[in-house]
Amino acid sequence: MADSESFVQLLTPSGHYRQHNEYAVDFTPQQYRDIYRDLVIVRRLDAEATALQRQGELGLWASLLGQEAAQVGSGRALQPQDVAFPSYREHGVAWCRGLDPIAPLRLFRGVDHGAWDPADTNFHLYTIVIGSQTLHATGYAMGVTKDGQVGSEDGAAVITYFGDGATSQGDLNEALIWASGFAAPVVFFCQNNQYAISAPSTRQSRIPLYLRAAGFGLPGIQVDGNDVLACYSVTQAALRRARLGEGPTFIEAYTYRMAAHTTSDDASRYRPSSEVELWQQRDPIARYRAYLEREQLADAEFFADTDSQAQQLALKLRAQTLALPDPPPRAIFDQVYAEPSAQLAEQQEKFAAYLDSFADNDGEAATAGSQGLGGSTS
Amino acid sequence: MADSESFVQLLTPSGHYRQHNEYAVDFTPQQYRDIYRDLVIVRRLDAEATALQRQGELGLWASLLGQEAAQVGSGRALQPQDVAFPSYREHGVAWCRGLDPIAPLRLFRGVDHGAWDPADTNFHLYTIVIGSQTLHATGYAMGVTKDGQVGSEDGAAVITYFGDGATSQGDLNEALIWASGFAAPVVFFCQNNQYAISAPSTRQSRIPLYLRAAGFGLPGIQVDGNDVLACYSVTQAALRRARLGEGPTFIEAYTYRMAAHTTSDDASRYRPSSEVELWQQRDPIARYRAYLEREQLADAEFFADTDSQAQQLALKLRAQTLALPDPPPRAIFDQVYAEPSAQLAEQQEKFAAYLDSFADNDGEAATAGSQGLGGSTS
Amino acid sequence: MTVMTLSKALNAGLRAAMEADARVLLMGEDIATLGGVFRVTDGLAKDFGEGRVIDTPLSEAGIVGTAIGLALRGYRPVCEIQFDGFVYPAYDQIVTQLAKMHYRSAGRVQLPVVIRIPFGGGIGAVEHHSESPEAYFAHTPGLKVVSCADASDAYVMIQQAIASDDPVIFFEPKRRYWDKAEVDQTQDLLDAAVTPLHAARIVRVGRDVTVVAYGPMVKTCLAAALSAADCNQELEVIDLRSLSPLDFEPVLSSVRKTGRLVVVHEAPRTVGLGAEICARVSEECFYHLEAPPLRVTGFDTPYPPARLEEHYLPDVERILTSVDIVMSHR
Amino acid sequence: MTVMTLSKALNAGLRAAMEADARVLLMGEDIATLGGVFRVTDGLAKDFGEGRVIDTPLSEAGIVGTAIGLALRGYRPVCEIQFDGFVYPAYDQIVTQLAKMHYRSAGRVQLPVVIRIPFGGGIGAVEHHSESPEAYFAHTPGLKVVSCADASDAYVMIQQAIASDDPVIFFEPKRRYWDKAEVDQTQDLLDAAVTPLHAARIVRVGRDVTVVAYGPMVKTCLAAALSAADCNQELEVIDLRSLSPLDFEPVLSSVRKTGRLVVVHEAPRTVGLGAEICARVSEECFYHLEAPPLRVTGFDTPYPPARLEEHYLPDVERILTSVDIVMSHR
Ligand SMILES: Cc1ncc(C[n+]2csc(CCOP(=O)(O)OP(=O)(O)O)c2C)c(N)n1
Ligand SMILES: Cc1ncc(C[n+]2csc(CCOP(=O)(O)OP(=O)(O)O)c2C)c(N)n1
Ligand SMILES: [Mg+2]
Ligand SMILES: [Mg+2]
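Residue numbers (the numbering used here), protein chains in the order written: chain H, 630 to 1007; chain F, 630 to 1007; chain A, 21 to 350; chain X, 21 to 350.
These aren't lab readings, by the way, just hints derived from the structure by calculation.
Given the structure is predicted, the values throughout are model-derived calculations rather than measurements.
Just so you know, not all the hints are guaranteed correct.
Listed next, the in silico DSS-like pairs over lysine-lysine satisfying Cα-Cα at most 25 Å (straight line) [to be verified]:
| id | chain 1 | residue 1 | chain 2 | residue 2 |
| --- | --- | --- | --- | --- |
| 1 | A | K277 | A | K239 |
| 2 | H | K775 | X | K66 |
| 3 | A | K66 | F | K775 |
| 4 | X | K239 | X | K200 |
| 5 | A | K200 | A | K239 |
| 6 | X | K277 | X | K239 |
Part of the chain F face toward chain A, derived, beta carbon under 8 Å [claimed, not checked]:
| id | residue |
| --- | --- |
| 7 | H742 |
| 8 | D746 |
| 9 | S761 |
| 10 | G768 |
| 11 | Y769 |
| 12 | D800 |
| 13 | D963 |
| 14 | Y966 |
The beta-carbon is built from N, C-alpha and C at its ideal position, and this holds for glycine as well.
Please build the complete structure, drawing on both the sequences and the hints.
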């Protein structure tokens, strides 16, 4: 539910700017355009991934369609030293953090489990089991405090992403308890896209989700998740609180999942197309573009350039995907442990010998599945 | 924290009645006296159990000392058709429900796991793993609704007891979600006795616990847990809401655990005796007695009678405890399953044969531990 | 006899159980409106109402915890856990409450709760969607644990599980959901001819090697047996069906006949069901064994990315390799 | 050498680890002010501050989940779970996150988290305070699982566990907390003479029967061995120490020598560690075994009420009964 009283919105669905007595953005024209480019690119890459899945190149894809503003708005509010803990749909945040867009596709293709190095971009691994990452973010933020990296404008903050469905998990609620109790510098960013697969968010809570926070002793705020400026501003303020050592904040970005839950899902079974159409009128990119046009912050050439840049990136992503090699079979055994396990090494050796027993006369190993043996995959 | 504004109190620590604009009690003099008798008896039985533990007759005892008003006040507000789901300290509620006082002692002596029949007194089994029972209560209450037993004054309600510590468990928070979402007729009765073993309740929440409820969409109310009349009235009102189909309520009874966590605990390690002394001045029984005396609801004879009745019951409890036989060894295998398991039956037979191998010449079975074989224990 | 998929057979079994007993309830994520991500509950909400087919919050501890409460109130809840890897938030409720309450109460409380869990790999899924956690439950006294291998058993076993007065963890072999078989919907489940829930079954008779499996691996073992038959090796394939309690008699008498044992499962090897079968056979058939009992299992690694799963999962080739080894002992 | 209790030895080991590495943190319920319900962390909060010895909310999922986050930030958290039966609320975080994140990240993320769990029975406690859940963890790839049997090992192993870059589930034999032994606090843990964390150890040499145990049962087995020696039976007692990975070589070579195996643990029998040891020995020592491998374990029931535990727990008598059986095979 979007609770009108406290709902933060800076851009109306038609792209008009509304003053707010607490939140505002202070962008240069270039920054306005950069945000637009992000929005368009993340949508375009997402569409490409969906297409790749339809063509059998990915096992599955979880589309962010409709949630670009929530992700780019919050993602761009992060400072380099901040750390994000996503669920599995934060491709837009990943883009803002600088993660190579191929990384999530590797996961959804099944060549790895999403094996990027979180330290490279301060963007943690995708987490599929609902709610778990919110405790990791909280613990990490407790560590930030321990390291003395809070208390000033250049302190570090942590943000964790999760959906409306995740609010029903014990883990998320415990994370609020810990974050509040230890005044951890963490922002809880809930993308209420109104569905957890088929369950409407009212199945998780009869009252707006941002209200959950107060009972745990932290501020909760509801923002228009389809308004990139409001998402930016609200997140920025919350991160600032965290950085300054003022503790956690809970943000509910009220948005809409315009695609099905994943490519395996058939959303027509549980929601009418009229609802989707209604939300298309609140499209986060169209409204932002209308604003940029009205304020003459960008011209037709910029829009055309952006589209073609997005197109280039999509083509590159496609090419990268098609070129992804399958990992070698023995990679199954790699990196179960940081330190060697004799027990596992023995299994690995037996398996290698088993594979070798299929080796053809040229000395090349091949298996029933016809994949060659080789070095470690990752 | 006792939050002064919304804190419900009908009796001041000195036993003066305070008008409240929402809550009141409407007792006959006899009812007033009955409540007093309950308070005295549950304290006396508790003291006896503690003594039995000290004398080696119980393995452990979790004393309710200081929480008599919270337990008797709420317990007496229950109707016969209502069902209570306790943790492990609700000996006072058990008394109100009519459970034989020996039952919890069987558990703490280790002759069974607390094996009474919940259906006999509508008092569920003690639950030791913190928070679990709140979900059972919620599910049970959902069943009450399904059975059509809500919506009128003679509907059934459910109450579940837990401590301040339990509010940090995922289960409790999920129970609030379910209860709220399904408008289950359940009352969450939190005895905030200010400690979870050594952890002060501020370790679980920086803000008063009753505030937790609102964020889940249910009313939260804080009551003086050492005021038996306030506890009665507030619980009665919450049960009435539940009965009428108006959904769950969260009650925080702000009280104090005057004894150690259990007989195994050494509370002097984490709290000063001055604190305990302070709370002795707010003793729930002394204040209620002062009120009865002032209002001339009871005379010296009644007080003396009550004490001697409590004493009789304590002596009976002691005798019952000392007479408790150890269960026979083969009881280990009883009632693991409702339906037979061949696998287990085989283990049981082997064990019986093993025990028999120690049988002496008189044909009597005896084991190293010298306990005889016999029928089922329970 | 109707030919139907395993998924449909479960659906039919659930329907029959709900028709037979108004206290049977289904609860789980996405099971009502959507009909479940595998469509096992498709159409049931429409026919029985959302009061009996309950779309729940996204909360597995809540599902099992409230199911316990509903069972205490006299209902017979059938919970769906969406995928194997999502059962762990409910693990505490399952292990400390569901499994132990009957014992705690010395038999005064019964918890007829069924927990349905699609399990195992082979469908190209992402992490946590292909796991085989059955050993955790089989090691937990107080729970009964079963798995069906085909549509016909699925139809019968789900009804038997629901009729059981004990909690039953019901593992569904998710990659066999779309496999078809003949299902007899007219049978009387109380008929003595119907295999009881906790009985193992010999699904192929053979004299040379006893091959023990359950759930998704039964089909693989039958395929291996076909293949072995070409080389004149006669495998006796046993579908355990019940993982707790284990029905050992058929396994023991088979090994007494064949003298050779191969156990097959997808779950990691160490401390899996295969360990129990091999240990028990070694203990009780010591003088009948002509070769060391072998296990063909998943490896002691987390379930790998989908592009590696064909190597992780036991297949006909790996089973036959072990068969050859036990056959080589003369 | 100092004589100290196992509890004190753990305390000394924790202290040494905290002194050696400022990133080592302790977290758990009642561990700071109270010093833990078994006093294992007594005095550490006073000396290292509440920033390094953290009294947590009553929330096991939170303890493990935030410990993972702290480890990601470079800390080395040592979590205390108050009793065995209270680990299950954290089970999801342990099994799906702690165990799998290193694999998920293809080695880019390390989680040096230790989870200390007092386990086992024999102290006359109420329900959930006497359980032996180690098999659940040993069946979980990605975790390392160990148990110490005496004060000397406790002191060393807790430090080794903290130094490990992998998550370690550290089982403490609670009924041995008050047992004393000599502890050498001067030893250099990097010394080659120090037994590595994952090595089993022969704690008594014998030629007749190999007796395998871990944790609290090691002492019981040694007592059984003493008793057996009176009857001229020489038991070789092996303390596994590591339950995952299992160090099989000492077990296999012992059985190759004795030809007889008895495995002892408190946990329920079915699908327990004993099953794995017996299965593995049957597979690899098939031609050396002169008797069926036997298990002496807890029964397949929930842990019984305290007044029954002496019958539930393996004792010298039950061990010797099994020893006699394997010795009777000639
Ligand atoms: C613990 C757990 N239970 C179930 C699932 C299966 N599942 C995957 S996504 C999902 C819905 C999540 O909804 P929400 O939190 O709103 O996030 P969204 O997908 O809408 O972004 C479910 C039930 C899971 N991943 N983890
Ligand atoms: C899940 C779980 N964790 C830990 C424990 C150990 N324990 C027993 S009682 C207790 C404190 C409970 O505090 P609270 O909920 O406030 O209840 P109180 O004892 O004060 O009545 C703890 C930590 C437990 N029983 N269950
Ligand atoms: Mg959602
Ligand atoms: Mg308390």
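To see whether the hints hold, each was checked on the structure:
1. A:K277 <-> A:K239: holds (23 Å)
2. H:K775 <-> X:K66: holds (18 Å)
3. A:K66 <-> F:K775: Measuring from Cα to Cα gives roughly 18 Å; hence the hint holds.
4. X:K239 <-> X:K200: holds (12 Å)
5. A:K200 <-> A:K239: holds (12 Å)
6. X:K277 <-> X:K239: Since the Cα atoms of X:K277 and X:K239 sit roughly 23 Å apart, the hinted pair holds (cutoff 25 Å).
7. H742: Because about 4 Å separates F:H742 from the closest Cβ in chain A, which is inside the 8 Å limit, the hint holds.
8. D746: holds (4 Å)
9. S761: Where the cut-off is 8 Å and the nearest Cβ of chain A is about 5 Å from F:S761, the hint holds.
10. G768: holds (2 Å)
11. Y769: This hint holds: F:Y769 lies near chain A, its Cβ roughly 4 Å from the closest one there, short of 8 Å.
12. D800: holds (6 Å)
13. D963: F:D963 check passes; min Cβ-Cβ to chain A is 7 Å, inside 8 Å.
14. Y966: holds (5 Å)
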